[in-house]
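Student: Produce the complete structure using the sequences and hints provided.
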Amino acid sequence: MKASRFAYHAPSTLAEALALLAEHGDSAKVLAGGQSLIPMLAMRLAVFDHLVDLGRIPELAGIDHQGDTVRIGAATTHTAVESSVDLARTVPLLARAAPLIGHFQIRNRGTVGGAIAHADPAAEFPAVALALDAQLETVSPRGARTIPAEKFFLGTWSTALADDEILTAVNFPAWRGRTGHAVEELARRHGDFAIAGAVVAVELDGDDRVRRCGIGLLGLGSTPERATAAEQAVTGTAAGEIDPVEVGRAAMSTLQSVPADLHGSADYRRRVGAAMVTRAWQRALREAHDG
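The numbers in the numbering used here rise by one with no breaks, and the one at position 67 of the sequence shown is 70.
By construction, these hints were calculated from the structure, which means they are not laboratory data.
Built from N, CA and C at the ideal position, the CB exists for glycine as well.
All the given hints hold, so there is nothing to weed out.
Straight line, CA to CA, 25 Å or less: simulated DMTMM-like cross-link-like pairs of lysine to aspartate or glutamate:
(1) Lys32 <-> Asp52
(2) Lys32 <-> Asp123
(3) Lys154 <-> Asp167
(4) Lys154 <-> Glu140
Cβ pair distances, simulated, as ranges:
(5) Gln235 <-> Thr149: 20 to 28 Å
(6) Met43 <-> Gly243: 43 to 51 Å
(7) Arg214 <-> Ile41: 41 to 49 Å
(8) Gly28 <-> Pro61: 20 to 28 Å
(9) Arg192 <-> Ala25: 37 to 45 Å
(10) Leu17 <-> Ser256: 38 to 46 Å
(11) Ser30 <-> Asp246: 50 to 58 Å
(12) Ala241 <-> Ala25: 51 to 59 Å
(13) Glu26 <-> Gly209: 55 to 63 Å
Tutor: Pasting the structure below:
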């Protein structure tokens, strides 16, 4: 199939992009990397009269340190995240999730902001944003605001962004000290969306107790999920007293609506999800121990 007719706009500044969104209202759609939107347009699962391409706005790309926070411009590509030596050190969970996204050609075009704003519950970056308490910067003709990741994802492909609002950057805290990070997922083929997966970050104190942790889940709900019950169960506990299998079970215990489709039943996804959390927890904890 072919996409329906639309007007293409390529602003060179953020102000121009906002003006176009204000002018065309809900008949306009922001185009980031286009790796999800373009196929949807081609299959006519989505129809818009105007596309506003953000790819030529330099102020939306780049990786920058601001104290203990790493600010990543929304137009920064997956490849830039994957290849960044700095991110591998400061936000390793994000850097390790990047190679699992699609294929090389997709990562060359896809962007951090596009992946998070698309809000696919089986995508890696939304789960990482939740697990690490990311803060999302947005701007609209009414001004700028910051949205916590936990309040950003409302449903499948649905977020707290208004129609005339643009996601401009994502701020991730840089974890320091005795920390470990791991990503585990099960997919039919490399590059496919995960049937179920988990991202885990953990920090140990000097007595080998869990000081804090973040567990994000993908493919296990209508939105990316956070395993808060499992996090609360292990925080403050000596690492050697924690049963990794129980962490996986606790992560599944509060899930409300696990999807079922041709790739697997809800029960199957729960079992896979528990196994992915268990594996990711073991790897992250081992890394935290080893420093």
